[in-house]
Amino acid sequence: DTGVSQDPRHKITKRGQNVTFRCDPISEHNRLYWYRQTLGQGPEFLTYFQNEAQLEKSRLLSDRFSAERPKGSFSTLEIQRTEQGDSAMYLCASSASTGRRLEAFFGQGTRLTVV
Amino acid sequence: GENVEQHPSTLSVQEGDSAVIKCTYSDSASNYFPWYKQELGKRPQLIIDIRSNVGEKKDQRIAVTLNKTAKHFSLHITETQPEDSAVYFCAAPWGFGNEKLTFGTGTRLTIIP
Numbered sequence: 272d273t274g275v276s277q278d279p280r281h282k283i284t285k286r287g288q289n290v291t292f293r294c295d296p297i298s299e300h301n302r303l304y305w306y307r308q309t310l311g312q313g314p315e316f317l318t319y320f321q322n323e324a325q326l327e328k329s330r331l332l333s334d335r336f337s338a339e340r341p342k343g344s345f346s347t348l349e350i351q352r353t354e355q356g357d358s359a360m361y362l363c364a365s366s367a368s369t370g371r372r373l374e375a376f377f378g379q380g381t382r383l384t385v386v
Numbered sequence: 801g802e803n804v805e806q807h808p809s810t811l812s813v814q815e816g817d818s819a820v821i822k823c824t825y826s827d828s829a830s831n832y833f834p835w836y837k838q839e840l841g842k843r844p845q846l847i848i849d850i851r852s853n854v855g856e857k858k859d860q861r862i863a864v865t866l867n868k869t870a871k872h873f874s875l876h877i878t879e880t881q882p883e884d885s886a887v888y889f890c891a892a893p894w895g896f897g898n899e900k901l902t903f904g905t906g907t908r909l910t911i912i913p
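So the sequences go chain by chain: A and B.
Okay, so the first sequence: first residue is 272 according to our numbering, each after it adds one.
Okay, so the second sequence: first residue is 801 according to our numbering, each after it adds one.
Wrong hints could be hidden among the right ones.
[As the list claims (entries may be wrong)] In silico SDA-like links for lysine to any residue, alpha-carbon gap of 25 Å or less:
#1 B/Lys822 to A/Lys282
#2 B/Lys842 to B/Asp859
#3 A/Lys328 to B/Ala829
#4 A/Lys328 to A/Arg286
#5 B/Lys868 to B/Val820
#6 B/Lys842 to B/Ser885
#7 A/Lys282 to B/Gly841
#8 B/Lys842 to A/Glu374
It should be emphasised that the hints constitute simulated quantities derived from the structure, not laboratory data.
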């Protein structure tokens, strides 16, 4: 499968615990995005990387959230001290920076449930 | 940022009929408008997009139209089939390089056999 892959697919955690998600983008894509989707809503932008540089963070991304893309390939999204309001689907997407650079392709997502 | 509104929120059509979903956007600098289809429990899948230099684009049974003056764009699905049942999201880009997408709230399309 040469699409965007995310791991794990599902995560159940207790409130206050830390969780980390991984995203592997399409190999030739140097742009990587994290979105959050709650039930009945469209995805909401969280943050964006071009290669290893994190270029923008949404105001939705509190200090408890941190994202990295250390070598410009895979990315991780960590949530510290999880809260019930963090329960959502976390989607990763990637796109190219040249050519058809605006087309973003999504992974299957990681569904987080905070209990 | 960008503000995207999508209507209707739910739509039921008889199999074989056409379905139309409409979106409006606020940022006149937006120049790319994708549509995503999301089946239950699956990833949003890009099904068609349009750039601001054209007014219409077709791909088999789906088409998208764009009116830049009015800042709205629409998805048209003809000869609907049961597998078209899904949630459809429109989106518009924002930001310096137009990389980030703001999504509409989605339309749940149900095709009645």
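Okay, the hints, checked on the actual structure:
1. The straight-line distance between the Cα atoms of B/Lys822 and A/Lys282 is roughly 35 Å, outside the 25 Å bound, and the hint therefore fails.
2. Between the alpha carbons of B/Lys842 and B/Asp859 the distance comes to roughly 22 Å, so the proposed pair stays at or under 25 Å and holds.
3. Note on A/Lys328 and B/Ala829: the hinted pairing holds, with a Cα-Cα distance of about 21 Å set against a maximum of 25 Å.
4. Straight-line distance between C-alpha atoms of A/Lys328 and A/Arg286 comes to about 24 Å, which keeps the hinted pair within the 25 Å bound.
5. A C-alpha spacing of about 18 Å is found between B/Lys868 and B/Val820, which places the hinted pair at or below 25 Å, so the restraint holds.
6. A hinted pair counts as satisfied when its Cα atoms are at most 25 Å apart, and B/Lys842 with B/Ser885 qualifies at roughly 13 Å.
7. For the suggested pair A/Lys282 and B/Gly841, the alpha carbons sit about 15 Å apart, so the restraint of at most 25 Å is met.
8. With a CA separation close to 18 Å, the supplied pair B/Lys842 and A/Glu374 stays within the 25 Å bound.
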